[in-house]
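**Student:** Turn these sequences into a full structure, and let the hints guide you.
In order, the protein sequences belong to chains A and B.
Start counting the first sequence at 1; every next residue gets the next number (this note's numbering).
Start counting the second sequence at 1001; every next residue gets the next number (this note's numbering).
In case anyone wonders, no lab produced these hints; they're calculated from the structure.
Keep in mind that this is a model prediction, so the values were computed, not measured.
Backbone N, C-alpha and C fix where the C-beta goes; we use that ideal spot for every residue, glycine too.
Treat each hint with caution, since some may be false.
So the derived list for chain B, only partly shown, Cβ under 8 Å to chain A, looks like this [to be verified]:
1) D1088
2) S1090
3) A1097
4) D1115
5) V1184
6) P1185
7) D1217
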Amino acid sequence: MNRLRRTGLALLGPVLAILVALVVSGIVIALIGEDPFGALRVVADLGDTPSQQTQSIVVILNRAVPLFLAGLAVSIAFRMGLFNIGVEGQYRLATILAAAVGAAVTLPGPLHVLLIVVVAMVVGALWAGIVGVLKVTRGVSEVISSIMLNFVALGTASFLLTGPLRGSAEGQSIVTTETIPESGWFPSLNGLLTGLGLAEPRSELYGFLLVAAVVGILLSVLLKRTRFGFDLRATGLSPSAARASGVDASGMVVKTMLLSGAVAGLIGLPELLGEAHEFGTEFTAGLGFLGIAVALLGRNSPLGIAVAALLFAFLDRAALPLQFADIPSSVVTIIQGTIVLAVVIANEIARRLALRSAERAGSSAAAPPPDGNGGGGGDSPTGDGPDGGRRAATPVAGEQQGAQA
Amino acid sequence: MRRARRMKAAALLLAGSMALAACASDEPESGSGGGGGGGAAAEELKIGLAYDAIGRGDRSFNDSAFAGAEAAIAEFGGEYREVTPNEDGSDRAELLAQLAEQGYNPVIAVGFAYDEIIADVAADFPDTTFAQVDGSFELPDGTSKGDNVTGLIFAAEQGSFLAGVAAALKSETGRIGFVGGVDVPLIQTFQAGYEAGATTVNPNIAVDVQYISPAGDFSGFNDPARAQILAQGMYSGGADIVFQVAGGSGTGVFQAAAAAGARAIGVDSDQYQTVDDPALQAVIMTSMLKRVDNAVTAFVGSFVDGNVEGGTDLLYDLESDGVGLATTGGFIDDIQGEIDGYRQQIIDGDIEVPTTP
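**Tutor:** This is how it looks when you write it as structure tokens:
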């Protein structure tokens, strides 16, 4: 019963936010003299013929995969109370270096792909690690340093692209790295689509979708079922309490940033391995910033982020059909923007509701401690954490250094 | 705990506003311009126009393409459909494919960013006629983008050469500037021509060159604030004329020129006519015209006549008046003779204008 109510409250925020966003967007559309319901129909219409519909699904999924990874990368740091605004720079730098390494070697298929993935994750992790180390050793706010490092990363990527890693000839309009040989391409999932009885789409569904799903599951397990995950979430909820119960805060900061960066390194790979096969001036940018919005909407849980990424991708796809219906495609960005703002507000309301109901339950029964987590992290680590009982009793030697730093 | 919560709220707001800022592109509404007579519905001209980033309202490149399509509709009748890619340009292929799928023919892609994309889509729709503004019919590796693709390309370096000539003749300080939107080869051809023109007139002239964003970061075409800062630096450093090739960022350069009491050179369209503000008009000495509108109208015309060959490039240079200098405002009337002299030398081949700086 309690659990049911908690889930209900956790869902209340986003659902409320989406409703508010729809109403606000509807008003805006009406104000510019268009029919809000007509716009909604266009957004929801995936196409007339089966192949158009499959194509729409492919477009949505292909957009959702990188958004999901970006949301995951941001959320890992969020869960610990860290703001990794540097995901943008991490994935750009990771993608260009992975593309360069991938183009420089020839290996048998799976190994080649694996190498590219590993390089991307290592580069992303190291770049994000700088932020963690700066915070731990020098007390630099991770918000500032990760934003700053974005500029450094973009500049470096641009220098590498136009300089040492340039693969396209001088004077071409689009500058790219060398193309990755075919052994380093990730096969598409179109076979799966047609196998499911869907029509053959025009584009190819990124095979990296499977990798993203696995990453999501692994992270979910890591955060919920391991000591590392518990330490991470506990530190995020109350750094002082976590430290007092023996969590090595400094170590956790660095490890969390490394993990967040490693996932950020994957963001560019669906496109790199599935379609572009080279990094260039036209490579999709801005996914890191969108990831922040996706993580917010998904309330930092992998499942929620998957839903949020799909929702964003679904709305993004509508930008084009809306233009065909003579409705400005900015409608999409208005909806997305209001959703994010509404989520922030709805989360706060849901958190207060949860707090109040917990207080009421606490005062009447006096049994369970108040659960003030309803709005923050999606699920509560205080009550049913995997090793919640043990923590308090284990003092850790490294604590002293952590407190000094 | 309380502090942490406030931090969190602040950061959420920050992130939210960032997401909003990322969404803040101002896309003008697309309209289907009915017009003219046309003829039977089956034969009616349906022009599909896929813009480069930002889309309509840049007062420059995309607007010029639109003007061309509009003129073609006025002449031949029919309708058009204009579409703009999303912020990060990731849906460009879908724009072209859906235009073709919905029966728009010809489909005109505006901008070099459509290079490989148009090759892919044109292969999927062999019965549709495609054209790409600022892109050759050939891919960089020399393979054709398809027999149904025509490249509409411009000798931007030639027009920019004349802009350099005008700037050098008009400069009193012997120092001029160049603000490019994004440091990519296409914009570098403007820079190369400009520098060559200026140094031909005055070998000792100093040319300050700045790009708003590096290759790979296309924000430079839509960032007037940074353009203004760069131009301010040039003006306060002694430059008195700045040539901007920065798409939607160009107004920032004009504002800096107005504030500094100096002058600027516009690009693509006759920007004296496209900026509404008289204060900004006063600083626009001339504009390097890139007649995308003429190219689009001419291409649609030959499509209507059934004369599109495909698999070729149509080059617009000084000789065909595809590029040139605007004279609105009368600021360069006194040096028109000299400019025409250089123009003729380029057409005759006496002056070879470089395409890379």
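**Student:** With 8 Å as the cut and Cβ atoms as the points, is B:D1217 at the interface with chain A?
**Tutor:** 6 Å, holds
**Student:** Is the shortest C-beta separation between B:D1115 and chain A less than 8 Å?
**Tutor:** With a minimum Cβ separation of about 5 Å from chain A (threshold 8 Å), the hint on B:D1115 holds.
**Student:** Under the criterion of a CB-CB separation shorter than 8 Å, is B:P1185 in contact with chain A as hinted?
**Tutor:** Where the cut-off is 8 Å and the nearest Cβ of chain A is about 5 Å from B:P1185, the hint holds.
**Student:** Return the status of the interface hint for B:A1097: holds when the least beta-carbon distance to chain A is below 8 Å, violated otherwise.
**Tutor:** 6 Å, holds
**Student:** B:V1184 was flagged as interface toward chain A. Is the shortest Cβ-Cβ separation under 8 Å?
**Tutor:** 6 Å, holds
**Student:** Interface hint check: B:D1088, Cβ to nearest Cβ on chain A, cutoff 8 Å. Holds or violated?
**Tutor:** 5 Å, holds
**Student:** With chain A as the partner, please determine if B:S1090 meets the hint condition of a C-beta pair closer than 8 Å.
**Tutor:** 5 Å, holds
Of the numbered hints given earlier, the model fails none.
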